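Engineer: Residues per chain are reported as follows:
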Amino acid sequence: MGRLRAMTIKEFWAILRDPRARMVLFVPPLLQLFVFGMAATLEVKNFDVGLLDRSGGRAAVEFASQLAGSPNVGSVVPLRSEAALRDAIDNRKVIAAIVLDSDFDAKVARGETATAGVVLDGRRSNAAQIVGGYLQRIAEATGAVLRPTTTSSTGGSIIRNWFNPNLDYLWFTLPSLIVMIGAVSGISVTAQSVARERELGTFDQLMVSPLRVHEILIGKMAPPVAVGLINGTVYLVVAQLVFGVPFTGSVLLFYLSLFVFLLALIGVGMAISAASQTQQQAFLGAFLITVPLILLSGYASPIDNMPGWLQVVSLADPSRWFLEIVDGLFLKAMPAADVLPRIYPLLIIAAVTLSLGAWLFRARME
Amino acid sequence: MAAPSPEPLASTEALVKRFGKGDPALDGVSIAIPPGKITGLVGPDGAGKTTLIRLLAGLLRADKGEIRVLGGAPGADQDRIGYMPQRFGLYEDLSVRENLDLYADLRGLPKSEREEAFGKLLDFTDLKRFQQRLAGKLSGGMKQKLGLACALIRTPRLLLLDEPGVGVDPVSRRELWAMVKQLVEPDQGAGRDGGIGVLWSTAYLDEAERCDSVHLLDRGKLLFSGPPAELTGRIAHRVFRLSGFGGGRRKLLERVLDREDVADATIQGRAIRLLAARDTQPPSPQALDAGKDAVLEPAPPRFEDGFIDILGGGPKGTSALAEAYRTIPESDAPAIEAKGLTKRFGDFTAAEDMDFTIARGEIFGLLGPNGAGKSTTFKMLCGLLKPSGGTGSVAGFDLRHAAAQARGALGYMAQKFSLYGDLSVAQNLDFFAGVYGLERSEARAAIDRSIEIFDLKRYLPSNAGELPLGYKQRLALACAVMHQPPVLFLDEPTSGVDPITRREFWTHINGLVGKGVTVLVTTHFMDEAEYCDRIALIYRAREIATGTPDELKQQAMAEAELDDPTMEDAFIALIEASDRAREAGEKQAA
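Going down the list, the protein sequences come from chains W and F.
Going left to right, the first sequence walks through residues 1 to 366 as the numbering used here numbers them.
Going left to right, the second sequence walks through residues 367 to 956 as the numbering used here numbers them.
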C-alpha cells in the first residue's frame with residue numbers, strides 16, 4: 001500500500017511540476033471552451049436577404065417588414081428584376097432572395113394560400129439551409145407559405161425540434177465538449193506517462209525498484225482519471241451556470257459513465273505510451289488516435305451518414321457511447337434503463353484497452 | 367616545411383559567458399590553440415568545455431572578452447574549421463558513405479575531389495569495409511571515427527573536438543587519439559604552415575597527460591594552462607605508493623585519508639597511491655599501522671594528482687553514510703550469483719554463459735568495451751532483462767522466482783542522473799522511501815539521515831534536475847541506499863564527475879563495503895576498476911578474464927610483455943589477446 005501511495009503521489013507531482021504536462025492538462029480544455037463556447041457557431045446571424053416584390057401590395061409590405069424585423073436578418077436588399085436577383089446571388093450580396101409574385105396580395109386578400117418563392121445560394125449549403133429554415137418561420141408568421149424554388153421539397157411542413165426547441169447550438173456543443181476534452185486529456189496525459197520516464201532515463205530506476213507492475217500501472221492511471229473527472233466537473237458546472245444548458249439527468253450516472261469512459265481512454269493512452277520511446281512519439285501517437293476517435297463519435301457528422309462498415313467500426317469507439325449518454329443526460333433526462341445499455345459497451349471497451357495497455361507495458365519492459 | 371609560427375590559430379582573452387542567472391558558465395577564460403599541436407581542454411562535466419568550444423566555433427556569442435579564430439572573428443572562416451560536437455550529427459538511417467556524401471555537399475567539396483578525399487578518410491579511419499553499413503548500426507567507437515571523418519572532409523586548419531572519447535571504450539579511444547595525433551604531425555599532407563591545430567576536450571584526466579598542452583577548466587574557471595608536465599612537476603616529490611601492507615586496503619585507505627599530512631589517496635589494486643600534503647613529509651608506514659612489510663616508495667605524479675592539489679586536496683576518509691548504515695549479517699551464501707547467464711535478442715547473443723559468484727562485502731567490476739555485453743549482464747542481474755538461459759540470484763533471491771524480493775534487496779544507481787528532475791529533492795527522497803516500503807517513522811528517519819549526511823538541506827525545495835552535478839550524484843546515492851540494501855548495483859556511477867566528487871563517492875562505497883554491503887559496478891573508468899576486489903572482463907558477449915585487478919595486470923604482463931601496466935594497458939592487452947585467440951581458432955576451423 002505504501003508503495004502504491006508513493007507511486008501515485010509521484011505521478012501527480014510529475015504532471016503538476018512538468019510545464020509540458022501542465023500545458024496538456026489545462027490549455028486544451030480552456031482553449032476548446034473558448035473556441036466552441038464563443039467563436040465557433042452553427043447559427044447564421046446578420047445575413048442579407050434580397051426581395052423581388054412584383055406584387056407591391058399591403059401583404060407584401062407586411063412581409064418585407066417582418067423580414068427586416070427578424071433579429072437574424074441584417075438588411076433587406078430590394079431587387080428590381082430577375083437579372084438583379086441573379087446578380088445579387090452570384091456576387092454574394094445576399095445569401096437568399098425572396099420572390100413575391102404579382103398575385104401575392106390578391107391571393108392573401110381572397111384568403112387563398114399565397115406562396116413566396118425562395119432562391120438560396122447553394123454554394124453555401126449549410127448556411128443556406130439554416131437561412132431557409134428561418135425564412136420559413138418568418139413566412140409562417142406572416143401567414144404565407146413559402147415555396148422554395150431551388151429544392152424539390154414543397155413547403156408546408158412545420159418543424160418542431162424536441163429537447164432543444166430553439167435549436168440552440170450551445171445545447172448541443174457543450175455536452176459534446178465534455179466528450180472531446182475527456183478524450184484529448186485522458187489519452188494525452190496517459191500517453192506521456194511511460195514515454196516521459198523512458199526519455200528521461202528514469203524508467204530503469206522504476207523497474208529495478210520493488211514496485212509491482214500493477215502498482216506502476218495504477219499509479220500512472222490515477223492522475224489522468226483525476227484530471228478527467230475534474231475537467232468533466234468544470235464543464236458540467238460551466239455549461240449550466242455560464243451557458244445555461246440544462247442538465248436534466250442523473251449526476252450519479254454522469255460520473256459513473258465518465259469514469260468508465262476515462263478508463264477506456266487511459267487503456268488506449270497506456271498502450272501508446274508503452275509503445276513509444278520518446279515523448280514526441282507518444283504525442284504523435286496520441287494525436288493519431290484521438291482524431292479518428294472524435295470523428296467517429298458522431299459529433300462532427302452523424303453516425304447514420306457514415307458508410308455501413310464505418311458505423312460498425314464506430315461501435316468500438318468509446319466516445320460514441322459516452323456522447324450518446326452525455327447528450328441524453330443533459331437534454332433528455334435519460335433514465336438509467338437507457339444509460340446502462342450504453343455503459344456496458346464502454347465497460348467492454350475499457351476492459352479490452354486496459355488489458356492491451358498492460359500487456360504492451362509488460363512486453364516492452366525490457 | 368615551414369617552421370611552426372608562434373602565432374596561435376585561435377585564442378581567447380578573459381572570456382565570460384553566462385546562461386541565465388547564477389554562476390557564469392565561463393568566467394575570465396584565456397586560452398590559446400597553437401598549430402601543429404594537440405591542446406587539451408580538460409575538466410569535469412559542467413566545467414564549461416562545450417560552451418568554450420561552441421564560442422570558438424561561432425555558435426554562441428560571448429558576453430565579455432575577446433575571441434580570435436584564424437585571424438578573424440569566430441564564425442568568419444567556417445571553411446577552415448572542423449568541428450565535431452559531442453553527439454556528432456550523423457544520420458543514423460544513412461550509410462557511412464551517404465553520411466560522407468552529405469557532409470561533402472554541406473561543405474561544398476567538388477565532386478571531382480571526393481573519391482580521393484573519401485578514400486583517404488576511409489583508410490585513415492579504417493571504415494572502408496563498412497561503407498554500406500548504416501551509421502546507426504556502427505559501434506560507439508566507429509561512430510566517433512565517422513564523425514571525425516566528416517569533420518575532416520575539407521582538411522581544416524583548426525579542429526575542435528568536443529569529448530570525442532565519451533561513450534568510447536579504451537581501445538577505440540586509443541585509436542582515435544592515434545588518428546588525431548597523426549593529423550597534427552607536420553610531415554602529414556595537412557601540415558602546411560606548422561600543421562593544423564587541434565582542441566581536444568575531455569573529462570578523462572589521463573587523456574590530459576598525452577596532450578602537448580592543457581587548459582584545465584573547473585566550474586567555468588581556468589585552473590591551469592601549460593604543458594601537463596608543468597602541473598605534475600609541481601607535486602613531483604609528494605606522490606607515493608604504499609604496498610605490501612597487511613590487513614584490508616579499504617580500512618587502511620580510510621586511515622590514510624583521515625590524516626592531516628595526506629592531501630589525497632586512492633586505491634590501486636593492492637596498493638595505495640597517496641599525495642602528501644604541501645610542505646610535509648609523507649607519513650611512515652609505521653605511523654599508518656600498515657604492518658611490518660609495508661613499503662612506501664615515490665611514484666610518478668599524474669595529472670589528476672595535480673588537479674586535486676589545485677583544488678586543495680581530496681575529501682577525508684570516513685563516511686558518515688557508512689557509520690549510520692546497518693551491518694549486513696554475515697553469510698556463507700554468495701550475495702550475487704550468475705550461473706551460465708545468457709541473453710539472446712533474436713539470433714544475436716548479447717551475453718553468453720556468464721558465471722561468477724560475488725561474496726558478501728565484495729566489490730565486483732564488470733569491464734568491457736561498449737556493446738560487449740557488460741550492460742546486458744548487469745541488467746539481467748538487477749532484473750531489467752529476463753535471461754534467455756542460466757540462473758542468477760541476488761541476496762539469496764532467485765531472479766526467476768523471486769524477482770520482486772530481489773529488487774527489494776538491491777540499491778541501483780545509473781550512469782546518467784536518473785532521478786525525477788521535475789520533482790524537488792524532498793519529493794524524490796519521499797518517493798524512494800515510499801517505493802522501498804519504509805514505514806512512516808522509518809522513512810522520516812532515513813530521509814533526515816540522508817539530508818544530514820549529504821548536506822541536502824538547502825536544496826530540499828529545488829528541482830532535482832537543477833542541482834549542481836556533485837549534488838545530483840549525492841542525491842542519487844542517497845536515494846539508492848535509503849532502504850539500506852545489502853547489495854548495490856552501480857552503472858558507471860562516476861563518469862564525468864570531478865575527481866573530488868568521485869573520491870567522496872568511493873569513500874562512501876568503501877565504507878559501506880566495510881559494513882558488509884556487496885557492490886556490482888560496471889565501468890569505463892580505469893580508476894573505478896582499481897577500487898574493485900575482482901573484475902570480470904567482458905568482450906564479445908563472453909567473460910574473457912576474471913580476477914583481482916593485480917591478477918589481470920599480471921596476466922596482461924604475460925600476454926603482452928608489459929612491465930607495470932596500468933589497468934587500461936591490461937584491459938587492452940587482454941582484449942587483443944582474445945582477438946588473436948579467436949582469429950587463430952577461426953583459421954583452424956577454416
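For the record, the hints were derived by calculation from the structure and aren't laboratory data.
As the structure is a computational prediction, the values presented were derived from the model and not from experiment.
Hints are not guaranteed to be accurate.
Claimed, not checked - Simulated DEER-style distance windows between Cβ atoms:
#1 W:Ser355 x F:Ser828: 53 to 59 Å
#2 W:Ser355 x F:Gly755: 56 to 62 Å
#3 F:Gly386 x W:Ser250: 28 to 34 Å
#4 F:Gly386 x W:Phe34: 29 to 35 Å
#5 F:His767 x W:Leu30: 37 to 43 Å
#6 W:Phe34 x F:Ala811: 47 to 53 Å
#7 F:Lys658 x W:Gln277: 56 to 62 Å
Think of the CB as a built atom: it goes at the ideal place given N, C-alpha and C, for glycine as much as any other residue.
Engineer: Does the Cβ-Cβ separation between Ser355 (chain W) and Gly755 (chain F) fall within 56 to 62 Å?
Structural biologist: 30 Å, violated
Engineer: Does the hinted range 29 to 35 Å hold for Gly386 (chain F) and Phe34 (chain W) at CB?
Structural biologist: Holds, at about 33 Å.
Engineer: Quick check: does the Cβ-Cβ distance between Ser355 (chain W) and Ser828 (chain F) fall within 53 to 59 Å?
Structural biologist: 41 Å, violated
Engineer: Just tell me: holds or violated, for the beta carbon distance of Lys658 (chain F) and Gln277 (chain W) against 56 to 62 Å?
Structural biologist: Given about 60 Å between the Cβ atoms, the range holds.
Engineer: Looking only at beta-carbon atoms, does the pair Phe34 (chain W), Ala811 (chain F) fall within the given range of 47 to 53 Å?
Structural biologist: 50 Å, holds
Engineer: Does the Cβ distance between Gly386 (chain F) and Ser250 (chain W) fall inside 28 to 34 Å?
Structural biologist: Since the Cβ atoms of Gly386 (chain F) and Ser250 (chain W) sit about 53 Å apart, the hinted range of 28 to 34 Å is violated.
Engineer: Holds or violated: the 37 to 43 Å window for the beta-carbon distance between His767 (chain F) and Leu30 (chain W)?
Structural biologist: Given a distance of about 51 Å, which is not inside 37 to 43 Å, the answer is violated.
When the structure is compared with the earlier hints, violations turn up for hints 1, 2, 3, 5 and for no others.
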